[in-house]
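**Q** Listed below are the residues making up each chain.
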Amino acid sequence: MSYCNKKLIQPEYSDRIFKVLTGAAAILAALLMLGFFVQLFWYALPSIKTFGWRFLISSEWDPVKQVYGALPSILGTLITTGIAVLIAVPVSFIVSMFLVESAPAWFSVPVSYALDLLAAIPSIIYGMWGLFVFVPFMQSTVQPFLANTLHLKSIPFFGGNYNGFGFLTSGIILALMILPFVSAVMRDVFKMVPSVLKESAFGAGATSWEVTYDITMKYGARGLLGAVFLGLGRAVGETMAVLFVIGNIQTMPKSFFQAGTTIAATLANNFAEAEGIFKSSLFELGLILLVMSFLIQVLAQLWLKRISRQMGES
Amino acid sequence: MKKMLIAAAAIAVTGIDASAVTLNGAGASFPAPVYRVWTYNYKRTAGARVNYQSVGSGAGINQIRAKTVDFGASDKPLKKAELDKYGLVQFPMLMGGVVVVVNIPGVKTDQLKLDGKTLADIFLGKIRKWNDPAITKLNPNLNIPAMPITVVHRSDSSGTTWIFTNYLTKVSDDWSKTVGNGKAVKWPVGIGGQKNPGVCNNVFKVRGSIGYVEYTYAFESKLATASLKNKAGNFVKPNLNAFQAAGASADWKNAPGYYMVLTDQTGKDSWPITGVTYILIYKVQKEMAKAKTMLKYFNWCYTQGASTAAKMHYVPIPKNVVGMVSEMWNKEVKYNGQMIK
Numbered sequence: 001m002s003y004c005n006k007k008l009i010q011p012e013y014s015d016r017i018f019k020v021l022t023g024a025a026a027i028l029a030a031l032l033m034l035g036f037f038v039q040l041f042w043y044a045l046p047s048i049k050t051f052g053w054r055f056l057i058s059s060e061w062d063p064v065k066q067v068y069g070a071l072p073s074i075l076g077t078l079i080t081t082g083i084a085v086l087i088a089v090p091v092s093f094i095v096s097m098f099l100v101e102s103a104p105a106w107f108s109v110p111v112s113y114a115l116d117l118l119a120a121i122p123s124i125i126y127g128m129w130g131l132f133v134f135v136p137f138m139q140s141t142v143q144p145f146l147a148n149t150l151h152l153k154s155i156p157f158f159g160g161n162y163n164g165f166g167f168l169t170s171g172i173i174l175a176l177m178i179l180p181f182v183s184a185v186m187r188d189v190f191k192m193v194p195s196v197l198k199e200s201a202f203g204a205g206a207t208s209w210e211v212t213y214d215i216t217m218k219y220g221a222r223g224l225l226g227a228v229f230l231g232l233g234r235a236v237g238e239t240m241a242v243l244f245v246i247g248n249i250q251t252m253p254k255s256f257f258q259a260g261t262t263i264a265a266t267l268a269n270n271f272a273e274a275e276g277i278f279k280s281s282l283f284e285l286g287l288i289l290l291v292m293s294f295l296i297q298v299l300a301q302l303w304l305k306r307i308s309r310q311m312g313e314s
Numbered sequence: 315m316k317k318m319l320i321a322a323a324a325i326a327v328t329g330i331d332a333s334a335v336t337l338n339g340a341g342a343s344f345p346a347p348v349y350r351v352w353t354y355n356y357k358r359t360a361g362a363r364v365n366y367q368s369v370g371s372g373a374g375i376n377q378i379r380a381k382t383v384d385f386g387a388s389d390k391p392l393k394k395a396e397l398d399k400y401g402l403v404q405f406p407m408l409m410g411g412v413v414v415v416v417n418i419p420g421v422k423t424d425q426l427k428l429d430g431k432t433l434a435d436i437f438l439g440k441i442r443k444w445n446d447p448a449i450t451k452l453n454p455n456l457n458i459p460a461m462p463i464t465v466v467h468r469s470d471s472s473g474t475t476w477i478f479t480n481y482l483t484k485v486s487d488d489w490s491k492t493v494g495n496g497k498a499v500k501w502p503v504g505i506g507g508q509k510n511p512g513v514c515n516n517v518f519k520v521r522g523s524i525g526y527v528e529y530t531y532a533f534e535s536k537l538a539t540a541s542l543k544n545k546a547g548n549f550v551k552p553n554l555n556a557f558q559a560a561g562a563s564a565d566w567k568n569a570p571g572y573y574m575v576l577t578d579q580t581g582k583d584s585w586p587i588t589g590v591t592y593i594l595i596y597k598v599q600k601e602m603a604k605a606k607t608m609l610k611y612f613n614w615c616y617t618q619g620a621s622t623a624a625k626m627h628y629v630p631i632p633k634n635v636v637g638m639v640s641e642m643w644n645k646e647v648k649y650n651g652q653m654i655k
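In the order they appear, the protein sequences are chains A and B. For the first sequence, the positions run 1 to 314 when my numbering is used. For the second sequence, the positions run 315 to 655 when my numbering is used.
Hints should not be assumed to be uniformly reliable.
Below, computed lysine-lysine pairings styled on PhoX-like, alpha-carbon distance capped at 20 Å [stated by the list, open to error]:
hint: 1; chain 1: A; residue 1: K153; chain 2: B; residue 2: K543
hint: 2; chain 1: B; residue 1: K536; chain 2: B; residue 2: K509
hint: 3; chain 1: A; residue 1: K254; chain 2: A; residue 2: K153
hint: 4; chain 1: B; residue 1: K543; chain 2: B; residue 2: K422
hint: 5; chain 1: B; residue 1: K422; chain 2: B; residue 2: K451
hint: 6; chain 1: B; residue 1: K567; chain 2: B; residue 2: K394
hint: 7; chain 1: B; residue 1: K606; chain 2: B; residue 2: K394
hint: 8; chain 1: A; residue 1: K279; chain 2: B; residue 2: K500
hint: 9; chain 1: B; residue 1: K357; chain 2: B; residue 2: K610
hint: 10; chain 1: A; residue 1: K254; chain 2: B; residue 2: K500
hint: 11; chain 1: A; residue 1: K65; chain 2: B; residue 2: K484
hint: 12; chain 1: A; residue 1: K279; chain 2: A; residue 2: K65
hint: 13; chain 1: A; residue 1: K254; chain 2: B; residue 2: K491
hint: 14; chain 1: B; residue 1: K399; chain 2: B; residue 2: K431
hint: 15; chain 1: B; residue 1: K422; chain 2: B; residue 2: K399
hint: 16; chain 1: B; residue 1: K604; chain 2: B; residue 2: K381
hint: 17; chain 1: B; residue 1: K443; chain 2: A; residue 2: K65
hint: 18; chain 1: A; residue 1: K218; chain 2: A; residue 2: K305
hint: 19; chain 1: B; residue 1: K536; chain 2: A; residue 2: K279
hint: 20; chain 1: B; residue 1: K500; chain 2: A; residue 2: K65
hint: 21; chain 1: B; residue 1: K604; chain 2: B; residue 2: K625
hint: 22; chain 1: B; residue 1: K597; chain 2: B; residue 2: K536
hint: 23; chain 1: B; residue 1: K610; chain 2: B; residue 2: K600
hint: 24; chain 1: A; residue 1: K65; chain 2: B; residue 2: K543
hint: 25; chain 1: B; residue 1: K381; chain 2: B; residue 2: K606
FYI, nobody ran anything at the bench for these hints, they're computed from the structure.
Next comes chain A alone, as it looks inside the complex (with noise of 0.2 Å):
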């Protein structure tokens, strides 16, 4: 083994070409982000300089006249979220607690790989099936349901007429999408939190939902909000599933049964064909998701923060 003796490197200059190189690559990934944030600007200027700050609070879509806003997607973006992670993020909690507290081992075990597996399945996956079985349903069932039966017609956000497209269909289906996500997490967040805690909590008296909320749940705080954050993250930039079930038309939302469009579905809908003003308009709204993605991180990330020096404080 004499090559062994004979390194190519000396050990002295290894480091410094191995902190060479990581560093490179993480300065790269800093650039992409950046290079991304230029780009679109770039793109988008014509639009910028066109309809400056009305595009951001207009609802005119006219291709014909050339006139654009990106109120109707924003909105639709927003809402769509909204009702997923409404749905999503308590579902999960629950699943995930009752996987890692209550359910034995051969019930909870096979559940988590399904979880998993869920959490693999495509997004178009999810689309197909949405316009195929959940459009029809949502039209001839859930729809009349909430809006007859439930009365919730005469309420504003639930009337109109009802055709099983729409932001309701379009939230349900995101929060089955980022459901597996979010709940493995919180899962693991779960898993995570010692059983010393939790014995002598319960050696102290303390009631299962005493144990969850007082224990469990403050000790996993920073991991259960980054898992919303994950699922809030993949369903504010979600295209395909959405695509298929929100309508894609632009409208400002009245009713959560009307159809409407998100920032995503527009882009995904016009860019093929999209020319002059009309692609750089797609590209400010393209600027704009990805300032919410960024928005979304940032707030994160400041909110992390501000609950760990709550905690290390107390």
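Chain A is already provided as a structure; the job is to place chain B on it using the hints.
**A** Frame of chain A, contents of chain B only:
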């Protein structure tokens, strides 16, 4: 660039003959079903390979302008001035019908009768129920349920939409003032579907819906079509004869750059929403072998391909027009200043 050089070198070295050339085209989805069969048959009989990507008319125009394909295809004709600006020529390849499809329980194909104004009012959202007097007046013998109307349109921009809105613009002042004619427009009501199959699917899924698609798609998905009142005042059923009748009135001789719109044509049997689909190629060709194969292929489409097209409910271009087109090729399409032959 490197790839191109290698390909060029390969041709130079091996001296591949014209029949082994691969042609790339992209564009309109409206004639795509026929183009698919044509390319398949042409590969089998003539040996040359033609790849056609059905990406939509606008994308087809963008791609030929970016020179990523050898020919582009569009349902929306370019004006003569635009063609000259980009150095392109366009010629008609097929004619076909855009039809109105409905999903109303109890209403079978061609039973529902609509006129242009009523159709425009439905797509404007002015008529929102199927038992609206405007509809029942046109269909006194038809039992139409009191059902809300769901309008289905294209969510992507499309040549089919261009043809359809061109018709609505001609027959309704309201439509032309508030919405207008375009590959994508500001739809006042409805839901969008991706491409022709997406619209078919949404109409199929939603009871009480109405949409528009290229005829073959309606035929294959067995959706109920509606009869339309044409300019002569007759209700016509959508079929090959009606599309042909609309095409018959076209005056190709006096159409600069073959710019021709066949919506709302006179003629007692004319289908009112008939469209022409075009091929776009460069006047100045870069490779003789490729240009030769391309024109040979298009000529094959006009002659051998005509019967296939008719079988699929598209109208082939009449012989005299084909003659005009090949004359135009001889005059305008050149390689290095030479005629392509």
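**Q** Hints first: check each against the structure and report whether it holds.
**A** Hints, one by one, checked against the model:
1. Of the supplied pair hints, the one linking K153(A) and K543(B) is violated, its CA atoms being roughly 38 Å apart against a limit of 20 Å.
2. Using a Cα cut-off of 20 Å, the hinted pair K536(B) and K509(B) holds, with the two alpha carbons roughly 17 Å apart.
3. Of the pairs offered as hints, the one joining K254(A) and K153(A) holds, with about 12 Å between alpha carbons and a cut-off of 20 Å not exceeded.
4. Pair hint K543(B) plus K422(B) holds up; C-alpha atoms about 18 Å apart against a cutoff of 20 Å.
5. Of the supplied pair hints, the one linking K422(B) and K451(B) holds, its CA atoms being roughly 18 Å apart against a limit of 20 Å.
6. Using a Cα cut-off of 20 Å, the hinted pair K567(B) and K394(B) holds, with the two alpha carbons roughly 14 Å apart.
7. Only pairs whose Cα atoms come within 20 Å are accepted, and K606(B) paired with K394(B) is rejected, the gap being roughly 24 Å.
8. Of the supplied pair hints, the one linking K279(A) and K500(B) holds, its CA atoms being roughly 16 Å apart against a limit of 20 Å.
9. For the hint linking K357(B) to K610(B), the alpha-carbon distance of about 13 Å falls within 20 Å, and the restraint holds.
10. Simply put, K254(A) and K500(B) have alpha-carbon atoms about 18 Å apart, close enough for the 20 Å limit, and the pair holds.
11. Among the hinted pairs, K65(A) with K484(B) is consistent with the structure: their alpha-carbon atoms are about 18 Å apart, no more than 20 Å.
12. With a CA separation close to 14 Å, the supplied pair K279(A) and K65(A) stays within the 20 Å bound.
13. Distance check on the hinted pair: K254(A) and K491(B) sit about 25 Å apart at the alpha-carbon level, beyond 20 Å; violated.
14. Restraint check for K399(B) and K431(B): not satisfied, since their Cα atoms lie roughly 37 Å apart, outside the 20 Å limit.
15. For the hint linking K422(B) to K399(B), the alpha-carbon distance of about 48 Å lies beyond 20 Å, and the restraint is violated.
16. About 14 Å separates the Cα atoms of K604(B) and K381(B), which keeps this hinted pair within 20 Å; it holds.
17. With a CA separation close to 29 Å, the supplied pair K443(B) and K65(A) exceeds the 20 Å bound.
18. Distance hint between K218(A) and K305(A) is fulfilled; the C-alpha atoms sit about 14 Å from each other, no more than 20 Å.
19. With a C-alpha separation of about 36 Å, the suggested pair K536(B) and K279(A) falls outside the 20 Å cut-off, and the hint is violated.
20. Between K500(B) and K65(A) the CA atoms are separated by roughly 9 Å; this keeps the pair inside 20 Å, and the hint holds.
21. Distance restraint check for K604(B) and K625(B): the Cα-Cα separation of roughly 29 Å exceeds the 20 Å cut-off, and the hinted pair is therefore not satisfied.
22. A distance of roughly 42 Å separates the Cα atoms of K597(B) and K536(B); the hinted pair therefore is violated under the 20 Å criterion.
23. Between the alpha carbons of K610(B) and K600(B) the distance comes to roughly 16 Å, so the proposed pair stays at or under 20 Å and holds.
24. Straight-line distance between C-alpha atoms of K65(A) and K543(B) comes to about 29 Å, which puts the hinted pair past the 20 Å bound.
25. Restraint check for K381(B) and K606(B): the C-alpha separation of about 18 Å stays at or below 20 Å, so the hint holds.
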